[in-house]
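When we follow this note's numbering, the leftmost residue of the sequence shown carries the number 673, and every step to the right adds one.
For the record, the hints were derived by calculation from the structure and aren't laboratory data.
One thing to keep in mind: the hints can contain errors.
Once the Cα atoms are required to be at most 27 Å apart in a straight line, the calculated BS3-like pairs of lysine-lysine come out as [stated by the list, open to error]: (1) 695 / 679; (2) 710 / 695; (3) 678 / 702; (4) 679 / 702; (5) 702 / 759; (6) 710 / 679; (7) 695 / 678; (8) 679 / 759; (9) 678 / 710.
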Amino acid sequence: MARITKKESALHIQVMDLIHSDKQLTQDDKEFIFNNYKGDGIGATGAFFTPEMLAWDFILDAGCTGQCIELCAGIGRLSYYQYLRNKPTHITCVELNPEYVMIGSRV
673 MARITKKESA LHIQVMDLIH SDKQLTQDDK EFIFNNYKGD GIGATGAFFT
723 PEMLAWDFIL DAGCTGQCIE LCAGIGRLSY YQYLRNKPTH ITCVELNPEY
773 VMIGSRV
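Just need the whole structure built from these sequences, with the hints factored in.
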């Protein structure tokens, strides 16, 4: 994991507690996860997660044909915002990192 502050580390632990809980996640829980998950820097390639406002701006221009594919999806922020704004009937996320897939499936 990339070097993070104690506060960021505590928030990341809360994120992982939410991910591994049986609780049904609320909208606020999902936003908390997207904003505080610190999985960047994992592995040889590292990772870059889409910032919230960039994701919203991207979705404004993305439009929707009813289906959505997100390559290198990470934990799925772009697809999630696409779902909130445009309600596609089908979303396909492609991601190699199993931890990101697990988190994306949860949110």
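Earlier hints that do not hold, by number
8
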